[in-house]
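Take the sequences, apply the hints, and build the full model.
From first to last, the protein sequence lines are chains A and B.
For the first sequence, UniProt numbering assigns the number 416 to the last residue and increments by one with no breaks.
For the second sequence, UniProt numbering assigns the number 416 to the last residue and increments by one with no breaks.
Incorrect hints may appear among the rest.
A few chain B residues that don't get close to chain A, going by computed Cβ distances all over 10 Å [what the hints assert, rightly or not]:
| # | residue |
| --- | --- |
| 1 | 5 |
| 2 | 79 |
| 3 | 256 |
| 4 | 334 |
| 5 | 366 |
Computed footprint of chain B on chain A, listed as stretches where at least three residues anywhere in the stretch have a Cβ under 8 Å from a Cβ of chain B [stated by the list, open to error]:
| # | segment |
| --- | --- |
| 6 | 66 to 73 |
| 7 | 100 to 112 |
| 8 | 188 to 195 |
| 9 | 263 to 270 |
| 10 | 345 to 358 |
| 11 | 381 to 391 |
| 12 | 395 to 401 |
Estimated spans, in silico, between C-beta atoms of each pair [stated by the list, open to error]:
| # | chain 1 | residue 1 | chain 2 | residue 2 | range |
| --- | --- | --- | --- | --- | --- |
| 13 | A | 72 | B | 415 | 27 to 37 Å |
| 14 | B | 322 | A | 164 | 45 to 55 Å |
| 15 | B | 168 | A | 12 | 16 to 26 Å |
| 16 | B | 373 | A | 297 | 50 to 60 Å |
Please keep in mind that the hints were generated in silico from the structure rather than gathered at the bench.
Just so it is clear, CB atoms sit at the ideal spot from N, CA and C, and this is done for glycine as well.
Protein chains: 2
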Amino acid sequence: MSESRPYRYASHLACPRCEADYALDSLRQLCACGSPLLVRYDLTRLAATWRPEQLAERPWSLWRYHELLPLAQPEAIVSLGEVVTPLVELPRLGDDMRLPRLVMKDEGLLPTGSFKARGAAVGISRARELGVTHLAMPTNGNAGAAWALYAARAGIQATIAMPEDAPYITRQECSLAGAHLSLVDGLISDAGRQVAGFVAATGVFDASTLKEPYRIEGKKTMGLELAEQLGWQLPDVILYPTGGGVGLIGIYKALQELQAIGWVKGPLPRLVAVQAKGYAPIVRAWQEGARESRFWDQSRTRAFGINVPKALGDFLVLEALYATDGRAIAVSEAAIDWEQRRAAQLEGTFVCPEGAAVLAAARELSTLGEIPADARVVALNTGAGIKYPDDRDLGVPRLAADEALPIPESTTRRPS
Amino acid sequence: MSESRPYRYASHLACPRCEADYALDSLRQLCACGSPLLVRYDLTRLAATWRPEQLAERPWSLWRYHELLPLAQPEAIVSLGEVVTPLVELPRLGDDMRLPRLVMKDEGLLPTGSFKARGAAVGISRARELGVTHLAMPTNGNAGAAWALYAARAGIQATIAMPEDAPYITRQECSLAGAHLSLVDGLISDAGRQVAGFVAATGVFDASTLKEPYRIEGKKTMGLELAEQLGWQLPDVILYPTGGGVGLIGIYKALQELQAIGWVKGPLPRLVAVQAKGYAPIVRAWQEGARESRFWDQSRTRAFGINVPKALGDFLVLEALYATDGRAIAVSEAAIDWEQRRAAQLEGTFVCPEGAAVLAAARELSTLGEIPADARVVALNTGAGIKYPDDRDLGVPRLAADEALPIPESTTRRPS
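See the structure below:
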């Protein structure tokens, strides 16, 4: 299939707060007003020339949606093989929580084992295209790991600051990739201040969440894939674990763009932002009906990716919740642990703690009657459980090399 | 596209040693002669009715090759979303080892983070189709993890014995999935004896490597995918880390079947079995020109998946090496560590130690002149590096929350 249409339909950068516009092909961070910038597309022109059937012969990677991505040309792509992640049916777990139409998009199958690969793939590709040679960012682990590895592939230097409590393996990923990594005795907000100081001192590109406009475009592909995998029919509810919130904003942006080009119809799904009770600034803001969140400085959660005391894009997250009749909800640590085990036992899927939080939230909203049993519900598992080893005693018997395996009570012995 | 052709073309089970045949749809373990059994297909009939173009509209998962898989019907599939794993170009690492056409098939993107998901997906699907309700197996970690999780999804009980030195996260996978797991103070060969005793005492299905004929059919899909991804052109060399050897035998079987139905032409690629110097029974056998390996009981390697002192299918591995003008090669622990870091720094890919062993072997064979610079070389990375956290001190600086990030020497400070 030869395509003589443009590779890209991105037109400019726009501020969602003050509505200022910026040219696309210059290196930008925040708007002059301090708000994140978003990429805008010529959706009218795109609607006139792009059809779902044109996707049929394209590779199953996030780059199949290049018309809705910011790269000027395919040669700029920096890829580690970003597969379209599977939409896994969860019939037994769904029945167990009276949501028989529950499905899970499993982001653990991306390179680096988390959805952060999407932001890194598009963010790094675009950074390289714009001439970046060194970037800096704070991280709760997975984003830093993904950006460090994609940066290495692109030949870009990365300076990364990470709380020392972040999942251990992510520091190994950064270190192996050759990033300049520092561990911080503090929160991601502390690491963020350190990165801001570093950027001020050096002029290095600031790749912090939403301080550049392209990471969100990568995250957006979750929404594009989801819509295509559901045959361009929107589900009723999408649940997402929310730390910095870029994934949720990205999905919302994707669905709005698909609506604008006429590929999906009807009301957008209700978007549910899931946090942990130990860290729930978005939930508190939503409960107050606020437009922004306030800094949250107590406590913590095992779902480390959610540990963001105050997200730069909080107002965009809240706007998406209000606009879709969605909501925010916080779940307990006990519910996260229980649901992670339940999912493994009933469905064989080993989700990350953030993914378990989402499943626990679905269960709670079902119990509360806020999601009806016939709803088509999509849960996002943002990463592979294998990135989060847990030191708790698993109660596994230890045998000498010549001992016999214990026979479970339910198993019959052969007559001897 | 409606397809009225059969879903499956498997015809019977055959012994590669004594040539006995067995009916397909009964539960079988080894041949009466003690050899593994292999699934045979009606390749003549398949050649007459199957064309590569018929794959075009099928989902990008290993099930797209169902004509060459043993399931009687699609309803039997137990899936966690087995994506077609990417073939990642490694131009900088390739140049670095004078193999500019080096590519890597990255099996770390499968569910459970390793190629073992292929064997488990097909093995468990087929086990369920044949009525298995409980299975037992020894494992070096990843296979047990994959089988435990797929078994949970299928509602099958799993009893698993694992050396206590196996990667930590794999015991967590087994435990979360609800498997009956035991840790053994010994090698996989000890665990294998324990499983044999358990099977003798209970009559539980023995899912040990090659003691049932279907795991290898799952592994085979690596070869099928590889051939399709290369446009049905065979590469010159395929390197594979070899413990039990099923992956390598599976790739060999896949390529032979594709040859038989006329989808690939010309000589098969040279197959290279990669082991670690601390554990190299196949290499020793190959050096001796032997048809089988001898038990290897000294030493160990960080590439834990290779720790197999004597593989049941060793004669099939060696046959594949001899038949393709391939070879076996052992690499050092230092080379594994160095190559793992090199791959991350040059290409942004975090391979597992077994995958690093394969890349180290490619480098060594290039240096020895055994692989020419213009060869199309495929390296298999069998799992995600994130499954193997490493306690070595990474030398990462630790900062207080109010300290400044160190500025790398190569980075210019802004004039203040």
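> Under a C-beta cut-off of less than 8 Å, do 3 or more residues of the segment 100 to 112 of chain A approach chain B closely enough to confirm the stated coverage?
Replying inline: Held - the segment 100 to 112 of chain A has 6 residues with a Cβ nearer than 8 Å to chain B, which meets the minimum of three.
> Within the assertion that chain B covers the segment 345 to 358 of chain A, do at least three residues meet a Cβ-to-Cβ distance smaller than 8 Å?
Replying inline: Check passed, 6 qualifying residues.
> Has the segment 263 to 270 of chain A got at least three residues whose CB is nearer than 8 Å to a CB belonging to chain B?
Replying inline: Answer violated; 0 residues pass the 8 Å Cβ test.
> Does the no-contact call for residue 366(B) survive, Cβ to all of chain A over 10 Å?
Replying inline: 21 Å, holds
> Does the Cβ-Cβ separation between residue 322(B) and residue 164(A) fall within 45 to 55 Å?
Replying inline: 53 Å, holds
>> Please check whether residue 168(B) and residue 12(A) have a Cβ separation lying inside 16 to 26 Å.
In response: Violated: the Cβ-Cβ distance is about 49 Å, outside 16 to 26 Å.
> When you look at the beta carbon of residue 256(B), is every beta carbon of chain A farther off than 10 Å?
Replying inline: 27 Å, holds
> Are there three or more residues in the segment 188 to 195 of chain A whose C-beta lies closer than 8 Å to some C-beta of chain B?
Replying inline: Our answer is that it holds, as 3 residues pass the Cβ test (under 8 Å) against chain B, meeting three.
>> Is the coverage entry for the segment 381 to 391 of chain A by chain B consistent with the three-residue Cβ rule at 8 Å?
In response: holds (count 6)
> If you check the beta carbons of residue 373(B) and residue 297(A), does the distance land in 50 to 60 Å?
Replying inline: 58 Å, holds
>> Verify this for me: three or more residues of the segment 66 to 73 of chain A with a beta carbon less than 8 Å from a beta carbon of chain B.
In response: Per the Cβ count (0), the hint is violated.
> Can the segment 395 to 401 of chain A be counted as covered by chain B under the rule of three residues or more with Cβ-Cβ separation shorter than 8 Å?
Replying inline: holds (count 7)
Checked against the numbered hints given earlier, this structure breaks hints 2, 6, 9, 15; the rest are met.
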